[in-house]
Each structure stands twice: as structure tokens, then as C-alpha cells.
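Could you put the whole structure together from the sequences, leaning on the hints where they help?
Number of protein chains: 4
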Amino acid sequence: MQFASDNAGPALPQVMEAMIAANAGHAPSYGAEALMDEVRDRLRTLFEAPRASVYLVATGTAANALALATLSEPWQTVFCTPLAHVHTDECNAPEFFTGGAKLSLVGDGDKMTPDALARAIGGWPSGDVHTPQHGPVSLTQATERGRVYTCDEIAALCGVTRDHGLPTYMDGARFANAAAALGCPPAEMTWRAGIDAVSFGGTKNGCLGVEAVIFFNPENAWEFELRRKRSAHLFSKHRYLSAQMLGYLADDAWRDAAQTANARAARLAEGLRAVPGAGMVHDREVNMIFARLPRATHRRLMAAGAAYALYEGPLDSGPEDEPLMARFVCDWSVGEDEIDRFLEMAAG
Amino acid sequence: MQFASDNAGPALPQVMEAMIAANAGHAPSYGAEALMDEVRDRLRTLFEAPRASVYLVATGTAANALALATLSEPWQTVFCTPLAHVHTDECNAPEFFTGGAKLSLVGDGDKMTPDALARAIGGWPSGDVHTPQHGPVSLTQATERGRVYTCDEIAALCGVTRDHGLPTYMDGARFANAAAALGCPPAEMTWRAGIDAVSFGGTKNGCLGVEAVIFFNPENAWEFELRRKRSAHLFSKHRYLSAQMLGYLADDAWRDAAQTANARAARLAEGLRAVPGAGMVHDREVNMIFARLPRATHRRLMAAGAAYALYEGPLDSGPEDEPLMARFVCDWSVGEDEIDRFLEMAAG
Amino acid sequence: MQFASDNAGPALPQVMEAMIAANAGHAPSYGAEALMDEVRDRLRTLFEAPRASVYLVATGTAANALALATLSEPWQTVFCTPLAHVHTDECNAPEFFTGGAKLSLVGDGDKMTPDALARAIGGWPSGDVHTPQHGPVSLTQATERGRVYTCDEIAALCGVTRDHGLPTYMDGARFANAAAALGCPPAEMTWRAGIDAVSFGGTKNGCLGVEAVIFFNPENAWEFELRRKRSAHLFSKHRYLSAQMLGYLADDAWRDAAQTANARAARLAEGLRAVPGAGMVHDREVNMIFARLPRATHRRLMAAGAAYALYEGPLDSGPEDEPLMARFVCDWSVGEDEIDRFLEMAAG
Amino acid sequence: MQFASDNAGPALPQVMEAMIAANAGHAPSYGAEALMDEVRDRLRTLFEAPRASVYLVATGTAANALALATLSEPWQTVFCTPLAHVHTDECNAPEFFTGGAKLSLVGDGDKMTPDALARAIGGWPSGDVHTPQHGPVSLTQATERGRVYTCDEIAALCGVTRDHGLPTYMDGARFANAAAALGCPPAEMTWRAGIDAVSFGGTKNGCLGVEAVIFFNPENAWEFELRRKRSAHLFSKHRYLSAQMLGYLADDAWRDAAQTANARAARLAEGLRAVPGAGMVHDREVNMIFARLPRATHRRLMAAGAAYALYEGPLDSGPEDEPLMARFVCDWSVGEDEIDRFLEMAAG
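Chains A, B, C and D are the protein sequences, given in the same order.
If you use this note's numbering, the first sequence corresponds to residues 1 to 348, in order.
If you use this note's numbering, the second sequence corresponds to residues 1 to 348, in order.
If you use this note's numbering, the third sequence corresponds to residues 1 to 348, in order.
If you use this note's numbering, the fourth sequence corresponds to residues 1 to 348, in order.
Think of the hints as simulated: they come from the structure by calculation, not from any bench.
The C-beta atom is built at its ideal place from N, Cα and C for all residues, glycine as well.
Heads up, a few of these hints could be off.
As the list claims (entries may be wrong) - Here are a few chain A residues that face chain D, going by a calculated C-beta distance under 8 Å: (1) G99; (2) V129; (3) H130; (4) Q133; (5) R145; (6) L182; (7) G183; (8) C184; (9) E225; (10) R230.
Said to hold, decoys possible - Over the 10 Å line for every Cβ pair with chain C, so calculated as not near, a few chain B residues: (11) A24; (12) P74; (13) G99; (14) G100; (15) D108; (16) C184; (17) E225; (18) L234; (19) A274; (20) A306.
Following this line, the structure appears as C-alpha cells:
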């Protein structure tokens, strides 16, 4: 009953096999190996972007911080939601990598609207030396609350940023889950909608630790390479990043894994509706569910070894039937039986 | 005939097996997995340092830059040799991670002497607000030229730094090769000699990408953890770093691999002595050789597919018999037959 | 009719005279001159803090950014209001000087309450490596909207920060105006209420460009000195900063100037009440007024050469009687006749 | 007998008078005052550079660090001599302002030669992601040892930098002394010789604290303005910087003061030749002398209250006739009688 995070799950067999296959003989280091050429080709094809710059790093925070730093200047402000991973969960990595840029918050939830974005940008005057200058916008797809921007929503947001001459970055730590949910091609969800750079996350969806960063404008390439190197994120034995990504891309493994994870979450969400006192915070869209369960139910589940993140508390004191919010994440490896067992136990 | 770098070689079978074994079921993320507890225990035992703080990162540059940043302040200067990796090969990573510290160069080669170190420290006055302040000393063991500090040499250098109240860091990207060469226990080469923090490199010696950073003074622990996180070097699926390190530590695999690599380089060095016109720059000590070969010999070897780094040139023009310096590195996987073939070809 | 800012006014005669007097012969540089000893003594006496560390810098932003950087770590978050100068008007100086700390916003106005502060601090968990860590709190006294924290209010806020083990900084760019308004001794408004460091602003209140930064805990002294030097804010001919501050402190010139400025603003505020369609946004407390006047009135005033900052607009289009917010600041040099002339014109 | 530094001397009467004149009524802040327009015009005329961007800051370190940061990227290396003020006397300000660039040292003294510069640049490969990238070159005119680059020497150095596509900055803290020594127009010594940006120092030559930073390429302007603001070096009451510079420029006061200071140093140098046991380290070129005097002579002079910087020591122990190097600086205000008195005393 493991719903703590999609980064608690194992790697896909295809990914491990690609790693093992890559572990033969000598290979040029630092991304000069042939496998990386293949990765680049495949991702350009997948994104229908033959001139895109493609890089690999090992963590989602590295992808975010490096991409935002490449798209901004230290005297600018990045725009993101108050729940954005880059704001809440990276111990100031964006501030560090950008050399001291500010993060300005858009709206009050996990998804930004064009109006809220325009208001946030307008909150800082343009071209006044005293204030932070306008910098890139960062969207998370799927969001930190498990919701998905439709391609139209993305295009509307990018319309706002383009009106201000700003670049837009998509934090795609759960890109695959969003793409699977929307059933749309990666190009639709990104550059055709106006996205300038995206991270294509592998770690949470069946890799060991690899994220692709893709710039649709190759002008950013060399700066990104320098930033990656000086932040110690250029791997010498880079072939093991490439191999992971190749295993992940082969035969649409990335999409299959995301569909599986999403389907598992759907099963869990459906079951939760029948649990006494349970209520969904949002409708489920990808592989992550936010729901409220009575305190007593949480206690019973946790005692039985269920792993998930409680967002409200405390667990130990308070009315037994008070609903407390929790996050449940399904990765590709969670079994249906495990979900059913969990639901049974939740039902009491 | 692969002598380009020890980061061009494959991972040890034991390391890959540990990775595969670790890829089962769910595990807590971010270093909270049980495997990391085991890594910590083993490294504390290996270093005879039961209270040491132990961390894993994926690149040598991350280990160096994070350790030095933890031991310094932005207004200080780090002391290192002009050939130190932290100075020449990290695209200003130490300057970035420290928030703008300076690197002051000690001596003019790869190995520092106590005298040169004392002169470099004395080159900046103490407690004058105008100058950079004294910061940590960084030694590379084995050095970037393949030489080894004896434990006495290390102790003498640490004596100088201690006299100035400064911490000493050991860049141990090739720690195993040095330890194997000296045949001494890790504790001798580090804290007993006065070292405050060390990186215990795995990447170049048969891992995929993992380095342990060990602080013998646990006071530095929390700051290191924050720095690692905000520089995006804390892995979510950390178990794959732990697994590599466990495979590397089990049954002294790390020492065996280093002994093998050193022995291969010894065979190569011995053979090179018989090559007409060849000359060693330094006596071989670990798995890395610096030697001069006539231009014509280089040309013949490279045409035949030998891979190694030429440090002088150009290859294409100049007297055929002019000796040009090159670096030859043996990793654990280089075969004796490969070496012999290379030597035969070098002999003409 | 100059109400644009208190930094648009001239220096006090006493301050200029002190500058002229200081311009004789040679003097040690970088703060080693005898005048600085006198400054230190006087400020320690004024603040009843014999062990305080006292420094001078030339701009308010330098005072704020250096003090906050000294009190924080790069992985922390500073807490301030959304209208704080450090957030809105320093082009990311705090982010730059701290090495990439975050600013977290407290409440939604210019003055923070203990509840809002506690909520903001509680918004980030304690000791979780993923989130920004708790850092210093920054209060502006008087606030950017011309309001004053009473000593009790300051003590209540410092109680919250102390409960969390955090330091509190007071941005005192208009310290004198607040102290004059409260009629309380500097010690009451600062360390007795729990403030750890304060800027004692001179620039806006009759100096040319000087702010004292005072740390009540002398442990911060050396770090501040290093930060001041490496940010290029240590003046070689420091005597001219010292002289300004001495002229400012002599015979309570600083308090007199603030009282005058406050009184002028009071006269202006009183007069505005009689202006048709005018309304105060806040009750006047110091030398700064926020009021709304009809668009037509603004147009008439500006056409006549009145200088002040319009916060709402546009001026040119919209209903003639629509009230638009503006800021009016009186410095010590604004004449009563000027104010009366302005009011007459405003009345129509 | 004040020869400690040209920053220990007073401001010129013309500069003080301009300050006093500027202290009347209200004026726009942050450089929007009319006086700054006049400064800009005059400096453009003086430098025969009608499109140059012109800014004022209050310290030489601010001028240097801001200019170098504007001309570089964090992953680059600045080139300067080992005696450069930016390397030795700014507590890592260039590293801080650039966001972590490295300083690479050229030659082993205070003046660089084209050969040494080319060697230093060639010491780092071009376009290799692992090494620091080539950044701006920083020359000090006059040097930290009181020597002057001729216009031909500057042009030759700029030829090297231009061959590598790098910008050249001139640290002109003693620009006036150098220009007076060479008797050449500012344009000759700067952009006509290939200089991209220069600081035109006022502080050491009779101002209170003001340096102009001039970019001959106006493309750098806006970035400089943002960097100046976020480093807290944009003065609100900027008129007092402008006034100083205007007083300094009027009637060639800047050149007269420098000529006076140079002439005083010439008198001192000439006199020192007659002092028993004295020897010049360099021929005098501007207002700064490096000479060796016997230990006993130093002791006698210092006991009599002479102020200057001893570079070798210790003063208290060692042979009485051992020559110890010292620096003697004359500012415009040092009297001839004072010099003669000093020489008399030195003679014994």
C-alpha cells in the first residue's frame, strides 16, 4: 500500500535493461557517447522539433533550476504559483541557480489562469530600475495537485507571456502523466502552444534518475551547457543517463507507464468515493489524488502500513471523524490488489 | 586500446548487480532508504570514524564544490594547486557553490609542499578586510598528474593548515587508486593525518556515478544537506546511489578494482620504457601515466584507434621525432592483451 | 510644491557644515578616522547600547541588504510585507546580497501583525531540507505607507520571531520620523522591544547619503565588515560619511528635522480634508500621506508644477471626479507657505 | 608628512563648492537631476565619445566590480595582474558581483605585456565546457605600483584581447594621474586604443567619493543600471555625486590636481635619491613612489609622525641598514614644505 510518492517506486524493467546493455566496454564521456545522439534524435522526433536542444540531468530540481536560470537574469522575477515545486520544494534552488532572481506568485493555488498571470506580471512595472524585472513564467504540468492544463489553457497562458515578451518554461516532472491524461502529442502540449523550454521527466515515471531538458530555441544551448557543468550536473559517465532515457522512450514505455499509473490512481479515486467520510479535494486527472479522510481512518490505514503523505493534522489528537487532507500517488508499479486491499481497509 | 579516461570505462559487475537488486518494490526517497543506513555504517567502519557524516552525490565536481562551499565563506580563498581539478576543470563550480570565493594557487604543479602552502597562505594577510580571507585547503589524492601524497606528506600539509586554523579537504576522485598504491587504511590517509573532509570517489573506479562525501566533524552535516538540496544534488530515488556504493564497498571491490587499474598502468608504463623515443614525465604511481612519445608514434597509435589525451601538439605538423606529452589512464576493465597490443604498435 | 520624496530634498545646514569642517588635512581612511569613533560613541549612547556594533553605509538599500545578508543564510527565507521596500524597490538586492535567499510575504499590506507573521513562518515547515529555512524578519519603521509600529507592536512581533529563534531587523530608513511620532527613545523602539539590528536612516531626513547600521549583538560585526567591503560599500574617504552622521546627531538635529517634516505633513493632511472629493487612505502618522483626490484635481495640481507620486491612473482618461491615490511626502525643507499654496490650488 | 594614500587627503575646494551649490531646493532623485545631464555631456565631450553611457558610483571597487560584471558571465575568467586591486584589495568583490567568475593572473607584476596576456588567455582552451571561459581583461592605469601604460602599450594589449573577441576594461582609479603623466587626451588612452569601458576616478584625486564608469558601447547601459541598483550603488540623492564630478571636471580641476600630485611625488622621488641607503623600486611616473630605505631611517621617520605604507618588515627587528620597501603617495594637498621636511628627516 505504497502511495507516498512516485519517486518511491522502482525503475521499469526496460529502463534497467537499457542500463545493463549500456554497461559494456568503453564509451566517450560527458555526453559525447553515441547513446546520447540517439536520445537527441528520438526526443526531437517525439517533440516534432528537429532543431531543439536536448540535454539530460539526473534530478527534477536540476532541470527546473538550470532551465529557469538559462531563461532569466538575476535581476528578474520568475512567475509561478504558490504551490509550485520550484517555490516550495527546492530549498531556494531557483534563487541559487539564477544568481538571486525572485519568484513572484501567481494566484493562490496550483494552476494559474491567464488573468492571474497578467495581474502578477502587471504587479511589477516594466522597465523601472527599482523593481524586479519581468522574467520567465514557470508552469507545472501536471501540477503539484495532480491537475492538468489543457493545450488550450497552455496556449492562453503563453499568449499572456508572449504579450510581455517573456519566455515560458514547463516543469514536466509529470509530463508523461499529463500527456497520457490529455492523450495529446508532446508538441501540442509544448511548443505549438507557445512553450519555450520543457523538462521531460523520467525519474517519477519509471527511471532511476533522469530528466530531459529541451529548448525549442537552440540559442539557449551553449549557456545551458555551461550552467550544467558549473553546477556539477554534467555526468562523466553520461551513458547511464542516456541509456535510461532510451529505455524509457523505446516502444512508448514512458506513455505506457504513465497510463498505468494514471489508471491505478483512477481505481483508487473511484474506490475512495465509497469510503465513509471520504471526499476528493480535486477530481482525479493523473496519478495523484488529494482526498480527505476521517482522522480515524487515517490512523487505521497508517497502523496497517499504508504509506502516503498527510497534509493536515495532527493525526493523534482531534475529533475522530474530522476529515484530514492527504496525498496519494500511484506509480506504474502499484498493483491493483494493493489498491483494493487499501480500499477495503479504508472502508473499515 | 582505451586509455582516454577512467570515466570512459564500464561499471563493475558487483555494482550493476547491486543496482539490480535494489530495484525491487518501494523504498523511502531522498536518502531515507535502508540502503543508505548501510552505506553510512560501512563507510564509518571503513574510515574508523563512527561519528562521521556521510553523504552521496553523483559527480565528483558536486562532491568537491559542495564540500568546499560547506567549509568556506564567500569572502575567503580556497588554496589549491594550479593543476587542481577544482581550478581547471569545473567551469567555476567552486566559485559558484561558495558564492564567490577565490581560488589561490599553491606552487606550480600538481602536488603542493608545506613550504609552498605556507607561502600561499602567507601571501594574504590575516584579518585585513580588504583582502580575501583564508579559507580551506584542497588536496587531490591521487593528484591530477597521477601522483600520490604519502600519509606523512598529508600530515605535514595539514600541520600547516592547522597552524592557520583552516580546514583541509581531500578531493578523492581517485582515492581508491591512491589507497591501493600506498597500501594504507583510509583513516591513515585522512583524519589521522588531519583531513577534515574527503570525497571517496566511486565513479572513476567502477561505479556509474557516485561519490561519498565524508565530514569527520559532524557539525558540518546540516549545512551540507541544505547545500546539496538547493544545488539539486539530492536524489529522490537515492537508493540507486546507495546501491552503487554498497556494491562498490562489498568484499573490498573498490580496492580490488583500484589495484587492477594500478597494475594495468604499471604494465603499460613498463612497456613504454622500451618504446623508442618514449619518456615518462613522472614515475607511475597509480592508474594514470604521463609520458612523451614522438609525434610519429602518436600518429600511428591514433590512426590505429588508440584513445588517450594528447597534452601537447599539434599532432599534424612538426618534427616527426619531437616528443609530445600525453596522458594514459587505465581503468579496471582494460585488458592486458589490449595493453600489449598498444605497446607493440607503439614500438613500431 | 515638492512632495515627490524625502530624498528629493536638500541636506540640513548642520550636515553640510560638518562635511565642510571634516574637509581639512589628512585623515586615516576606511573608517579608521577619529570622526567614526565619535559616531560610534554617540550612536551607542543614543541607543543606550554600549556594546553595539555601528557601521555607516551610503544608501538605504545597502543598509537593508547587508544587514539581512548578515542575519541570514542563502537557503533561508526572509519574512517581510508585500509592500516592503526590500521586496518591491531594491531590484532583488536582498536576493543578491544573501546569495539567493527567498523573501516570503507576510499579510497583504504595509504593516504586519503577530498573527500574520506567525502564519507566514508556519507556512514553511521547520527543519525540512526541501523547503526554504526560516530566516530573519524585516520590519519597516515607519512603513512604506507612512504608518508606525508602536513599541508594543514591535515587541509583540519580536515575541513571535523569538519563539522561532529568528532574528529581527528594522529597516529604519524613516526611523527618525517614527521616533519623533512616537516620542520614544531609540532603545525602546529597538533592542528593548527585541530588535536585533536596525538601520538608522539619515539620507531621507536631511543627510546627503548616510545610514547607520547597528547590531545589538556584536557577534555579527566582522561578517558585516567583510560583506560591506566585498559589496564595495566601504568608503575610502569614510570621513565624509562620519561627518554627515555627526552633523545629523549633533543637538538632536535628526529629531528636529523629523519633527518638522512630520508637522509639515500634518498641516498638509489637515488641509487635504477640506479639499472637495479628497480622502485619506490612512491617517497621517509621519511625514508621508496617502490620499485620494479627484482626477481633475490631480491634473490641475500637476499642471501647476506640484511634484508627487500618483499611484493610480491613468491621469489622462477617466471620469474627472474619480478619486486616484497619490503619495505626498514632506521633507524638513518644505515650507508652510508652499503647503498652503498647494492646498489652495487643490481646493480649486 | 602624509604619504599614506591619496584617499587620506581632503577634497578639492572646487569640489566642495560644487557640493554646497548643489544643496539648494529639491531635485529629482536617482540620477534624474539636471546635474547628471551636465556630467554626462561633459564626460562625453572630454572623452570625445558622444554616444558613451556614463554613470556615477561612490567607490572605486563598485566601479570595477560593476563594470567587470557587466562585461562578463559567471562561468568566465577575468584576466588581470597578480597585483591588480581587483584581485588583491576588494575582498572578492569581482567574484561576488560577477556571480562567481574566476580571476586569472597575467604575468607576475603590476603591468601586463601582450605576450603575458596572450599566454594567460591561451592557458585556458576556448569553447571547452569544463574550463572557465574567456572573459574581460582588466588593466589598471596607472598601475598599483605607480606605473603608466603608454597609449601604444594599451593598444597592443587591446589588440590581443580583440583577437580573442574579449572586452577590455580600464581600472582608472588613478586615471587622472596617468593622463597627466602621459599628457594625452582621455580618448587616446581609452577607446581609440581599444578600451571598452573605463572608470574615471575622482575619489583619490580630490573628490569625496565619486567615480564615473563609462561604456563606449551603449549596449551595456541598461544591464549596468540594473546591476548598480541591485548592488545598492544607485544613490537616491544622486545630485551630490553629480556635483562632485562637475566640480572635478570644471576648468580641468581634475587634471590640475593630478599634475600637482604627480609633481609633488617627483619632488619627493628626487629628494629620496639623495637619502643615504635609499633606492627606488621603480622610476616615478605618477603620484606614487615605491622605494627602499634602511630600517633605521624608517624608524626615525615613523617616530616623527610620517605616514606611509611599509611593504616589508618587520620594522622592529633586523639589521639597521637593511633596506625595506615602502609606498609613498602624494595627493594634491601635500605641501612642498612637508615633503622637504620629510626629506630632511630622512637624510638624517
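Okay, the hints, checked on the actual structure:
The interface hint given for G99 of chain A holds, since its Cβ lies 4 Å from the closest Cβ of chain D, which is under the 8 Å cut-off. The interface hint given for V129 of chain A is met, as the beta carbon of that residue sits about 5 Å from the closest beta carbon of chain D, less than 8 Å. At about 6 Å, the closest approach between the beta carbon of H130 of chain A and any beta carbon in chain D falls short of 8 Å, and the interface hint on this residue holds. Because the smallest distance between the Cβ of Q133 of chain A and any Cβ of chain D comes to about 7 Å, under 8 Å, the interface hint for this residue holds.
The restraint placing R145 of chain A at the interface with chain D is violated, with a minimum CB-CB distance near 34 Å, outside the 8 Å limit. Of the supplied interface hints, the one on L182 of chain A is violated, with its beta-carbon coming no nearer than about 36 Å to a beta-carbon of chain D, more than 8 Å. Taking 8 Å as the C-beta contact cut-off toward chain D, the hint placing G183 of chain A at the interface is violated, the least distance being around 39 Å. Of the supplied interface hints, the one on C184 of chain A is violated, with its beta-carbon coming no nearer than about 35 Å to a beta-carbon of chain D, more than 8 Å.
Interface hint status for E225 of chain A: upheld, as the beta-carbon distance to the closest one in chain D is roughly 5 Å, under 8 Å. Hint status for R230 of chain A relative to chain D: holds, with the closest Cβ pair at about 5 Å, below 8 Å. No Cβ of chain C approaches the Cβ of A24 of chain B within 10 Å, the least distance being about 26 Å, so the stated non-interface status holds. Annotated as non-interface, P74 of chain B brings its C-beta within 10 Å of a C-beta of chain C; the closest such distance is 7 Å.
Distance check for G99 of chain B against chain C: the nearest CB is about 4 Å away, which does not clear 10 Å, and the non-interface claim fails. Remark: the non-interface label on G100 of chain B conflicts with the geometry, its nearest Cβ contact in chain C lying 8 Å away (cut-off 10 Å). In this structure D108 of chain B is separated from chain C by more than 10 Å, as the shortest Cβ-Cβ distance comes to about 28 Å. Residue-level check passed: C184 of chain B sits 35 Å from the nearest beta carbon of chain C, beyond 10 Å.
For E225 of chain B, the shortest C-beta to C-beta distance to chain C comes to about 5 Å, within the 10 Å cut-off, and the non-interface label is violated. The Cβ of L234 of chain B sits about 7 Å from the closest Cβ of chain C, inside the 10 Å cut-off, so the non-interface label is violated. Chain C leaves A274 of chain B outside its interface by the beta-carbon criterion, the shortest separation being 56 Å against a cut-off of 10 Å. Non-interface status of A306 of chain B relative to chain C is upheld: no Cβ of that chain comes within 10 Å, the nearest being about 46 Å off.
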